[in-house]
Each structure stands twice: as structure tokens, then as C-alpha cells.
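S.K.: Using the sequences provided together with the hints, build the complete structure.
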Amino acid sequence: GAVVSQHPSRVICKSGTSVKIECRSLDFQATTMFWYRQFPKQSLMLMATSNEGSKATYEQGVEKDKFLINHASLTLSTLTVTSAHPEDSSFYICSARDNGRFVANTGELFFGEGSRLTVL
Amino acid sequence: KNQVEQSPQSLIILEGKNCTLQCNYTVSPFSNLRWYKQDTGRGPVSLTIMTFSENTKSNGRYTATLDADTKQSSLHITASQLSDSASYICVVSLKTGANNLFFGTGTRLTVIP
Chain Y
299 GAVVSQHPSR VICKSGTSVK IECRSLDFQA TTMFWYRQFP KQSLMLMATS NEGSKATYEQ
359 GVEKDKFLIN HASLTLSTLT VTSAHPEDSS FYICSARDNG RFVANTGELF FGEGSRLTVL
Chain V
13 KNQVEQSPQS LIILEGKNCT LQCNYTVSPF SNLRWYKQDT GRGPVSLTIM TFSENTKSNG
73 RYTATLDADT KQSSLHITAS QLSDSASYIC VVSLKTGANN LFFGTGTRLT VIP
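From first to last, the protein sequence lines stand for chains Y and V.
For the first sequence, our numbering begins at 299 and goes up steadily by one.
For the second sequence, our numbering begins at 13 and goes up steadily by one.
Among the clues, some could well be false.
[Claimed, not checked] The following label-pair restraints were derived from C-beta to C-beta distances:
(1) I25/V x S352/Y: 45 to 51 Å
(2) Q358/Y x S22/V: 26 to 32 Å
(3) R308/Y x P20/V: 28 to 34 Å
(4) I310/Y x D51/V: 17 to 23 Å
(5) L366/Y x P20/V: 36 to 42 Å
(6) G359/Y x S40/V: 23 to 29 Å
(7) P41/V x M343/Y: 22 to 28 Å
(8) S352/Y x I24/V: 29 to 35 Å
(9) T315/Y x S65/V: 48 to 54 Å
(10) Q15/V x F337/Y: 16 to 22 Å
(11) G72/V x M343/Y: 28 to 34 Å
[Claimed, not checked] Simulated crosslink set (DSS-like; lysine-lysine; CA at most 25 Å straight-line):
(12) K339/Y x K29/V
(13) K29/V x K69/V
(14) K49/V x K339/Y
[Stated by the list, open to error] Some chain Y residues well away from chain V (every beta-carbon gap over 12 Å; in silico):
(15) G314
(16) S316
(17) Q327
(18) L366
(19) S371
(20) T373
(21) L374
Hints are computed from structural coordinates only; laboratory data are not their basis.
A virtual CB, placed ideally from N, CA and C, is assigned to each residue, including glycine.
M.R.: Written out as C-alpha cells, the structure reads:
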């Protein structure tokens, strides 16, 4: 089946540093990828929609300068948490739609394994 | 307002027993409904995807139902196993728009021996 890979799976960084998380679709092309944040025992919260070749669309309340998203190719989107602070510690998950099977919004949506960020 | 509500929030059952999770939605215009299983510290994995015309769909011990008239879906787990312990998330899609996914808050299932 289709696979979405996230890297790194875990990262610990010092406050004030920036951290980049990669999301790759391994065997399909994805024009659209999504980034989520998940706090313990809560559901996924959509942060932004990443569009290949154009600017990301951010959800209300999500700082675009804080969470930089780049979707440089049909198989890769990156999320950079800039000047990270302890409150940014969370589980970040990406998902991708398979272009080849995306018809009238019925295409399957595949999730990455998530990246746990801990900011000290 | 487009919303997806799941119940119960959490559920504890004995191994081998059956259980049913509920998902009610007010999303419109409806495109499809997905059930995902998310193990702790992992990404969600798709169990089923149901379109407007589908009433029932099975995936092993998981059976999802959809009533598009009442806007309700259920996920039935048969003969539960310890490995079924996870959060189960209902996701409903709109027919239009790039940002058209609505997530339920999930049901946390714990299967005990």
C-alpha cells in the first residue's frame, strides 16, 4: 500500500533553535499534503495545507512565520518550526493525497508515522 | 457548522468482546467518511472509506456502517484483541474545497485481558 514517511520520528532540541520535519510520499505523487498537530489524548488538529509549487494555506491561529512549510516537489513537504519554544513540543503528523487515486475527493488519504518534538 | 462528533470518548472492554463506536456528522455537502485507527505515538492508519451510496463495508474484524440520511456512521469491532487498543478517528470529507476534511475527536478503546 501507499506509504508516507516522516523524518525524524523523534527530535529533541534546545529552545530558540529551528527544527525541520520532512514528509515524503514514497510510491505516489501528492499535490496536496496536510500538516497536523496532536496533543496528548486529543485528536489531530489541522495546521496547514501544503500545495506543491505554491504557498501553504494556514488554519486560523497558526502562525505562518512560526511554522514554515515548503512543498518543493510532488513527493516532499517540509515543516520547519522556527525559534522553537517548550510550548511547541507536540506530535506533528503529515498526510498526503494520492494524485493518481484522487477523484472527486474520494481518494485515499495516507498518514505519516508522526514526529515527536520535544523542546527543552 | 460542519462538525464531526464521536462517542463514546473512551471505552474499556474485555478481550474477545464486541464493541461499537459511533460517529455523527453535520458536514455538508458530504463526500465520504473514513475510519482510522491510531496507535499511541503512531500515525493514523485507514480502516475503511465509505461514500454516499455505501451502507456497510468490512475490513477483517472491523465493519463500518453509514446512514447518509441520519448522518451517522458506526464502527463495529468483532472479537476484540489486545492489539485493538487504540484511538479510532472518524474523518468526514466535503465534496468541494481543498481544505475539506473534518476530524472527530476520536474514541480511545482499551481492550483488557
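S.K.: It remains to establish, for every hint, whether it holds in the given structure.
M.R.: Hints, one by one, checked against the model:
At roughly 46 Å, the beta carbons of I25/V and S352/Y sit within the given window of 45 to 51 Å. In this structure the supplied range 26 to 32 Å holds for Q358/Y paired with S22/V, their Cβ-Cβ distance being about 29 Å. At about 31 Å, the beta-carbon gap between R308/Y and P20/V stays in the expected band of 28 to 34 Å. With their beta carbons about 22 Å apart, I310/Y and D51/V fall inside the hinted range of 17 to 23 Å.
L366/Y and P20/V have their C-beta atoms about 38 Å apart, which keeps the hinted 36 to 42 Å range intact. Between G359/Y and S40/V the CB atoms are about 24 Å apart, so this pair conforms to the stated range of 23 to 29 Å. Between P41/V and M343/Y, the C-beta spacing of about 24 Å keeps the proposed range 22 to 28 Å intact. The given range of 29 to 35 Å is broken by S352/Y and I24/V, whose C-beta atoms sit roughly 46 Å from each other.
Taking the beta carbon of each, T315/Y and S65/V are about 51 Å apart, inside 48 to 54 Å as hinted. Checked against the hint of 16 to 22 Å, the C-beta distance between Q15/V and F337/Y comes to roughly 19 Å, which is consistent with it. Taking the beta carbon of each, G72/V and M343/Y are about 29 Å apart, inside 28 to 34 Å as hinted. A C-alpha spacing of about 24 Å is found between K339/Y and K29/V, which places the hinted pair at or below 25 Å, so the restraint holds.
A C-alpha spacing of about 20 Å is found between K29/V and K69/V, which places the hinted pair at or below 25 Å, so the restraint holds. A distance of roughly 14 Å separates the Cα atoms of K49/V and K339/Y; the hinted pair therefore holds under the 25 Å criterion. With 12 Å as the threshold on Cβ separation, the claim that G314/Y sits away from chain V holds: the shortest Cβ distance comes to roughly 26 Å. At the 12 Å boundary, the C-beta of S316/Y stays outside the reach of chain V, the nearest C-beta of that chain being 23 Å off.
Against the 12 Å criterion, Q327/Y stays outside the reach of chain V, whose nearest CB is about 16 Å from its own CB. No Cβ of chain V comes within 12 Å of the Cβ of L366/Y; the nearest lies about 19 Å off, and the non-interface call holds. Interface exclusion of S371/Y from chain V stands, the closest Cβ pair being 18 Å apart, more than 12 Å. In this structure T373/Y is separated from chain V by more than 12 Å, as the shortest Cβ-Cβ distance comes to about 17 Å.
Once the 12 Å rule is applied to beta carbons, L374/Y is consistent with being away from chain V; the minimum gap is 17 Å.
When each numbered hint is compared with the structure, a violation occurs for hint 8 only.
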